[in-house]
Amino acid sequence: MSTRYSRVGRPRPAGRGRELAIWFLMRITGLGLFVLALTHFLITHVLYDPAEQTASWIAQVRWSSLFWRVFDWLLLMLVLFHGFMGVRTVIVDYASGRVRRVLVLLLYVIALVLFVLGTTVVTTLQVVPKG
Amino acid sequence: MLLRYRGRDGMFAWAFHRISGVAIWAFVVLHVVDIYLVGGKPELYNELLQFYASPIGRVMEALLGAALLYHALNGLRIIVMDFWPPLTRWHRQLWYLCWGIFVVVGVPVGWIILKPIWEGVSR
Chain A
0 MSTRYSRVGR
10 PRPAGRGREL
20 AIWFLMRITG
30 LGLFVLALTH
40 FLITHVLYDP
50 AEQTASWIAQ
60 VRWSSLFWRV
70 FDWLLLMLVL
80 FHGFMGVRTV
90 IVDYASGRVR
100 RVLVLLLYVI
110 ALVLFVLGTT
120 VVTTLQVVPK
130 G
Chain B
0 MLLRYRGRDG
10 MFAWAFHRIS
20 GVAIWAFVVL
30 HVVDIYLVGG
40 KPELYNELLQ
50 FYASPIGRVM
60 EALLGAALLY
70 HALNGLRIIV
80 MDFWPPLTRW
90 HRQLWYLCWG
100 IFVVVGVPVG
110 WIILKPIWEG
120 VSR
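Protein chains in written order, with numbering that gives the first Met the number 0: chain A, 0 to 130; chain B, 0 to 122.
Don't read these hints as lab results, they were simulated from the structure.
Be aware that a few hints might be false.
Unchecked claim - Across the chosen pairs, the derived CB separations fall in these ranges:
#	chain 1	residue 1	chain 2	residue 2	range
1	B	Trp83	A	Ser63	13 to 23 angstroms
2	B	Ile18	A	Val103	14 to 24 angstroms
3	B	Leu86	A	Leu24	18 to 28 angstroms
4	B	Leu62	A	Pro10	23 to 33 angstroms
5	A	Thr88	B	Ile100	23 to 33 angstroms
6	A	Ser95	B	Pro107	43 to 53 angstroms
7	B	Leu113	A	Ala13	19 to 29 angstroms
Said to hold, decoys possible - Stretches of chain B that chain A covers, calculated by requiring three or more beta carbons in the stretch to come under 8 angstroms of a beta carbon on chain A:
#	segment
8	18-30
9	70-81
As the list claims (entries may be wrong) - Just some of the chain A residues that point at chain B, by a computed CB distance under 8 angstroms:
#	residue
10	Arg11
11	Asp48
12	Gly85
Virtual Cβ for every residue (Gly too), placed ideally from N, Cα, C.
Turn these sequences into a full structure, and let the hints guide you.
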């Protein structure tokens, strides 16, 4: 067997197919999330307090610039890949046959719904000038 | 199962990575929906925000932060070992390094998140 050894992560798939691409992308999106997700958490839980993050605060402050909208949308894209491919790995480990197929399909449906909801709100929320 | 199987550190690193990953995923599903409400139903979002700012909400956020930080640090450890296999020899030391950074970063952040519970005021 020529499977590369890895103590914690998913072993690198053999060959050059789609699974290997997913394996690489999991690591690349992971690095991206290391920066984007931790920054996002730092902003929403350390620099600001959840208590002040009302809907109008988001419209007036948090999403008042294109930069932070693009930032959060990119974060969503990375999460939709990394999180959902990660959960797919978990499903494939514990379920088989029809249960596995149904769960994976359901997972993709949820991902699609989140893509639509997230993209809609980040592109359409009206900026409300402060004051 | 977790306590009986003697896989030690490497197995715990794996189990924590998986548990934290699924927990973060579950929060992301909730969080994208709640942010959608900011545009769709702001009153409902503000109501949910009350929960996020409550003591129980804050404890859960601290746990979310812990899951995120562990997953991020251990994820780097996985990448390091995947792309520089000789370093796998030091997998245990690398795991302890993750926990060191986890404590140094996590304790002050946890303090900031939880502080309003006993101070009784929100900033």
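Checklist entry - When you take the CB atoms of B:Trp83 and A:Ser63, is the distance between them in 13 to 23 angstroms? => result Roughly 42 angstroms apart at Cβ, these two residues miss the hinted range, so it is violated.
Checklist entry - Counting residues of the segment 70-81 of chain B that have a beta-carbon nearer than 8 angstroms to any beta-carbon of chain A, does the count reach 3? => result holds (count 9)
Next on the checklist: For the hint 14 to 24 angstroms, verify it against the beta carbon of B:Ile18 and that of A:Val103.
Outcome noted: holds, 20 angstroms
Checklist entry - Does the Cβ pair B:Leu113, A:Ala13 satisfy 19 to 29 angstroms? => result violated, 46 angstroms
Checklist entry - So does A:Ser95 sit 43 to 53 angstroms from B:Pro107, Cβ to Cβ? => result holds, 45 angstroms
Checklist entry - Quick one: are B:Leu62 and A:Pro10 within 23 to 33 angstroms, going by C-beta? => result Holds: the Cβ-Cβ distance is about 29 angstroms, inside 23 to 33 angstroms.
Checklist entry - For the hint on A:Gly85, does the least C-beta distance to chain B fall short of 8 angstroms? => result At 5 angstroms from the nearest chain B Cβ, A:Gly85 passes the 8 angstroms test, so the hint holds.
Item to check | Hint validity - A:Arg11 Cβ closer than 8 angstroms to any chain B Cβ | outcome: Holds. Min distance 7 angstroms.
Checklist entry - Close enough to count: is the Cβ of A:Asp48 nearer than 8 angstroms to one in chain B? => result This interface hint holds because 4 angstroms falls under the 8 angstroms limit.
Checklist entry - If you check the beta carbons of A:Thr88 and B:Ile100, does the distance land in 23 to 33 angstroms? => result holds, 25 angstroms
Item to check | 8 angstroms C-beta test of the segment 18-30 of chain B against chain A, three or more residues | outcome: n = 6 at 8 angstroms, threshold three: holds.
Checklist entry - Regarding B:Leu86 and A:Leu24, is the given constraint of 18 to 28 angstroms on their beta-carbon distance met? => result holds, 22 angstroms
The structure is inconsistent with the numbered hints 1, 7, although it conforms to all the rest.
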